[in-house]
Amino acid sequence: MTMEEGSFTAGKRKRNLGKKKGNKAKNKKLKMLEGKGKKFRVSKKMRNLFEKRARDYNSDNEEEEEKEDTAEEAVPHDTPRGRGGDISFEGTDDSEGEEQEGGEIQPGIMRFTEGVRAFRLAFKNIIKRNVADDSLGPVLAGHKQLVAKKLAEEKAERKVKGEAKKEKHLVAEKGHVKPANYLDSQEKFLIGIATKGVVKLFNAVNKAQKAQKGLDPSRSKDAKVIRKRRKEAFFSELGKTSLPARDSSSKGNTSSDSMNDEGPAWAPLRDNYMLTNPKLKDWDKMADSTIVDDVGRMSEDSGSDDN
Amino acid sequence: MARFHNRKKKVFVKPIVKKQQQQQPNVDHITGNKIPKSFVFSRGKLPGPLRQLQMDLRKLMLPYTALKLKEKKRNNLKDFLNVAGPMGVTHFLILSKTETSPVLRVAKTPQGPTLTFKIHEYSLAVDIAQSQLRPRCPQDLFKNPPLIVLSGFAAADEQLRLTTTMFKNIFPDIDINTVKLSSCQRIVLLNYNKDTKLIDFRHYSIRLQPVGVSRRIRKFVQNHQVPDLRNLQDVSDFVTKAGYGSESEADEEAATVTLTSDLSRVNRASTKSAVKLQEIGPRMTLQLTKIEGGLCSGEVMFSEYGNGGNKKKPGNEGNEKEDSENDGQMEDSDEDDEADNEEDMEESGED
Numbered sequence: 001m002t003m004e005e006g007s008f009t010a011g012k013r014k015r016n017l018g019k020k021k022g023n024k025a026k027n028k029k030l031k032m033l034e035g036k037g038k039k040f041r042v043s044k045k046m047r048n049l050f051e052k053r054a055r056d057y058n059s060d061n062e063e064e065e066e067k068e069d070t071a072e073e074a075v076p077h078d079t080p081r082g083r084g085g086d087i088s089f090e091g092t093d094d095s096e097g098e099e100q101e102g103g104e105i106q107p108g109i110m111r112f113t114e115g116v117r118a119f120r121l122a123f124k125n126i127i128k129r130n131v132a133d134d135s136l137g138p139v140l141a142g143h144k145q146l147v148a149k150k151l152a153e154e155k156a157e158r159k160v161k162g163e164a165k166k167e168k169h170l171v172a173e174k175g176h177v178k179p180a181n182y183l184d185s186q187e188k189f190l191i192g193i194a195t196k197g198v199v200k201l202f203n204a205v206n207k208a209q210k211a212q213k214g215l216d217p218s219r220s221k222d223a224k225v226i227r228k229r230r231k232e233a234f235f236s237e238l239g240k241t242s243l244p245a246r247d248s249s250s251k252g253n254t255s256s257d258s259m260n261d262e263g264p265a266w267a268p269l270r271d272n273y274m275l276t277n278p279k280l281k282d283w284d285k286m287a288d289s290t291i292v293d294d295v296g297r298m299s300e301d302s303g304s305d306d307n
Numbered sequence: 001m002a003r004f005h006n007r008k009k010k011v012f013v014k015p016i017v018k019k020q021q022q023q024q025p026n027v028d029h030i031t032g033n034k035i036p037k038s039f040v041f042s043r044g045k046l047p048g049p050l051r052q053l054q055m056d057l058r059k060l061m062l063p064y065t066a067l068k069l070k071e072k073k074r075n076n077l078k079d080f081l082n083v084a085g086p087m088g089v090t091h092f093l094i095l096s097k098t099e100t101s102p103v104l105r106v107a108k109t110p111q112g113p114t115l116t117f118k119i120h121e122y123s124l125a126v127d128i129a130q131s132q133l134r135p136r137c138p139q140d141l142f143k144n145p146p147l148i149v150l151s152g153f154a155a156a157d158e159q160l161r162l163t164t165t166m167f168k169n170i171f172p173d174i175d176i177n178t179v180k181l182s183s184c185q186r187i188v189l190l191n192y193n194k195d196t197k198l199i200d201f202r203h204y205s206i207r208l209q210p211v212g213v214s215r216r217i218r219k220f221v222q223n224h225q226v227p228d229l230r231n232l233q234d235v236s237d238f239v240t241k242a243g244y245g246s247e248s249e250a251d252e253e254a255a256t257v258t259l260t261s262d263l264s265r266v267n268r269a270s271t272k273s274a275v276k277l278q279e280i281g282p283r284m285t286l287q288l289t290k291i292e293g294g295l296c297s298g299e300v301m302f303s304e305y306g307n308g309g310n311k312k313k314p315g316n317e318g319n320e321k322e323d324s325e326n327d328g329q330m331e332d333s334d335e336d337d338e339a340d341n342e343e344d345m346e347e348s349g350e351d
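Chains as they are written, first to last, in full-length UniProt numbering: chain H, 1 to 307; chain E, 1 to 351.
Hint data in this document are derived by calculation from the structure and do not stem from the laboratory. Keep in mind it's a predicted model, so treat the numbers as computed, not measured. C-beta atoms are modelled at their ideal positions from N, C-alpha and C, and glycine is treated no differently. A portion of the hints provided could be inaccurate.
What follows is a set of in silico ranges between Cβ atoms, one per label pair, in the way DEER data are often shown [as the list claims (entries may be wrong)]: (1) E:298 with H:152: 54 to 62 Å; (2) H:149 with E:196: 35 to 43 Å; (3) H:229 with E:225: 36 to 44 Å; (4) H:229 with E:298: 44 to 52 Å; (5) E:44 with H:154: 33 to 41 Å; (6) H:156 with E:83: 46 to 54 Å; (7) E:237 with H:227: 48 to 56 Å; (8) E:238 with H:230: 43 to 51 Å; (9) E:47 with H:147: 36 to 44 Å; (10) E:138 with H:154: 52 to 60 Å; (11) H:183 with E:225: 28 to 36 Å; (12) H:192 with E:63: 26 to 34 Å; (13) H:145 with E:45: 38 to 46 Å; (14) E:223 with H:180: 29 to 37 Å.
Model the full structure from these sequences, guided by the hints.
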């Protein structure tokens with residue numbers, strides 16, 4: 001096969017050369033690509049490939065061979081020995097064919113096949129090696145113990161890594177508690193407290209907003225009424241002693257009022273101070289109808305200042 | 001193609017307009033009080049669950065907080081402080097992690113005191129939702145600020161008083177005369193336990209249910225769905241036949257409110273409604289460990305382990321030292337030398 005192809009290609013090449021001499025340098029590759037399309041495509045391709053490989057091989061070989069001659073004499077010596085011993089039959093045939101071809105056209109191809117031979121020999125060498133140890137098994141798994149050792153090492157490493165990761169996770173989760181599905185007594189107690197707070201607030205809001213029910217605070221007329229009602233509510237709140245929190249706020253109000261009245265410093269601390277003050281009582285007589293409102297306003301104004 | 005372009009442009013313009021509308025006021029338009037706003041962020045790298053806790057805290061602080069506050073590793077406290085001024089942010093909630101436990105610092109800006117809490121235990125909102133049969137999350141739950149209830153802080157200790165004022169001021173005030181009850185949807189509870197000196201931090205949603213109405217009718221009014229009458233002899237049975245009574249309805253007589261105005265379809269004016277709380281949001285057990293005069297620096301006004309604390313808890317001493325060291329590391333690198341010196345002093349004082 002190779003011989004035939006070789007001769008064909010050679011002939012064609014000659015013809016080509018004869019035909020196109022003028023623009024050979026530039027169009028050579030293009031023409032060759034065109035030529036591939038028909039009959040001899042494979043052979044041409046292969047030949048190109050071979051040519052290229054041969055060139056490379058040769059160029060490398062020349063340098064390498066010199067080295068090989070000096071440094072490693074084993075490879076060239078081995079090849080003839082192997083050929084002679086085991087595969088002499090085929091080997092010799094090939095070499096003859098190649099010699100004929102290589103001598104004429106391409107010496108690189110022969111070299112290539114020689115390379116194949118070298119590989120074959122190397123492979124054979126491996127196969128030939130007798131394996132004594134049974135536990136080691138086949139050739140390629142020869143280092144089974146080593147592999148096992150490595151696997152064990154990896155496992156240990158992974159274990160250590162996993163532990164480290166676990167530890168890290170534990171640190172990250174520190175203090176993180178998943179709540180129980182049911183409400184324990186503590187939670188019920190807390191909810192009870194919160195509920196009490198909400199109820200207290202809602203009741204206070206309802207009480208406060210009852211006064212201004214049905215009135216629009218944005219309208220000035222209604223706003224007046226609202227203010228009046230608030231004062232009433234505040235005053236009624238003042239009249240009765242109530243929560244300690246409310247106490248403190250009323251204290252603040254009355255103490256600031258006392259500055260205006262110039263009364264005794266500590267007397268205003270009493271809850272009913274406003275109601276029992278003789279001065280206020282006199283003033284009360286002067287304007288009967290508005291007493292409640294005025295006092296309420298005074299106290300409320302001062303209260304808002306405080307806030 | 002041109003048409004597509006136009007459409008795209010229109011869509012692109014929209015969010016900008018929205019942003020302008022969304023600007024929050026600094027001052028309550030009714031009462032005129034300044035509205036407290038907050039930043040919730042972290043110092044140092046937080047592990048996953050703590051990052052989730054941070055997100056939960058942000059949701060809790062809604063609507064006056066930066067829900068999508070982006071922080072980078074190189075951001076220091078000063079950066080946040082610089083932004084806080086123009087934005088009207090008054091409080092910082094700072095989460096960080098030490099080797100012993102996570103730490104929550106609550107600080108008032110720009111120079112107010114800083115309370116440092118050690119988080120003994122915490123559960124995320126997700127955990128709590130998972131533990132419940134029917135977790136409840138109405139749409140506008142986070143549109144209004146929560147109420148706050150502080151209980152058990154009656155002790156005359158100065159640090160406790162400071163804690164109460166701090167937490168009172170972290171949420172906007174409510175004006176009893178103008179507040180709408182329908183806007184009170186959530187409540188934050190802080191309960192101080194005298195014996196253990198721990199603060200229980202809980203977050204509940206508030207729900208009102210009319211009292212004395214059978215469950216069937218309540219559901220019917222709420223859902224607008226045609227009831228299933230297959231098993232009934234007569235339509236009147238639907239009203240008269242008592243369903244299963246709520247298990248907790250009997251013992252919660254105290255938890256009822258008489259409304260003056262309509263709250264919703266079900267809760268009408270002058271009807272009695274039961275207040276029901278269901279837990280949402282994060283749950284924390286806090287311990288007050290330190291109060292500093294400045295913002296994460298300055299004079300130490302109170303320390304759980306400081307001074308006399310050494311004799312009480314010798315085992316915790318080393319941990320606390322570690323904590324403070326970690327704090328120092330997490331503190332901004334460019335903090336003043338003065339502050340650093342003070343920290344050193346504090347550490348030596350603990351020794």
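Hint by hint, here is what the structure shows:
Here the CB-CB span from residue 298 of chain E to residue 152 of chain H is close to 58 Å, well matched to the stated 54 to 62 Å. Taken as a hint, the range 35 to 43 Å is violated for the pair residue 149 of chain H and residue 196 of chain E, whose Cβ atoms sit roughly 55 Å apart. With their beta carbons about 43 Å apart, residue 229 of chain H and residue 225 of chain E fall inside the hinted range of 36 to 44 Å. Here the CB-CB span from residue 229 of chain H to residue 298 of chain E is close to 48 Å, well matched to the stated 44 to 52 Å.
Checked against the given bound of 33 to 41 Å, the beta carbons of residue 44 of chain E and residue 154 of chain H, roughly 34 Å apart, stay inside it. Checked against the hint of 46 to 54 Å, the C-beta distance between residue 156 of chain H and residue 83 of chain E comes to roughly 50 Å, which is consistent with it. Distance hint check: the CB atoms of residue 237 of chain E and residue 227 of chain H are about 53 Å apart, consistent with the given range 48 to 56 Å. Distance hint for residue 238 of chain E and residue 230 of chain H: a CB-CB separation of about 46 Å, consistent with the stated range 43 to 51 Å.
Between residue 47 of chain E and residue 147 of chain H the beta carbon distance is about 38 Å. The supplied range of 36 to 44 Å therefore holds. Judged by the Cβ atoms, the range 52 to 60 Å given for residue 138 of chain E and residue 154 of chain H holds: they are separated by roughly 54 Å. Against the hinted window of 28 to 36 Å, the Cβ-Cβ separation of residue 183 of chain H and residue 225 of chain E comes to about 30 Å, which satisfies the hint. Between residue 192 of chain H and residue 63 of chain E the Cβ separation comes to about 28 Å, which falls inside the hinted range of 26 to 34 Å.
For the pair residue 145 of chain H and residue 45 of chain E, the supplied restraint of 38 to 46 Å holds, since their beta-carbon distance comes to about 44 Å. For residue 223 of chain E and residue 180 of chain H, the Cβ-Cβ distance of about 31 Å falls inside the hinted range of 29 to 37 Å, so the restraint holds.
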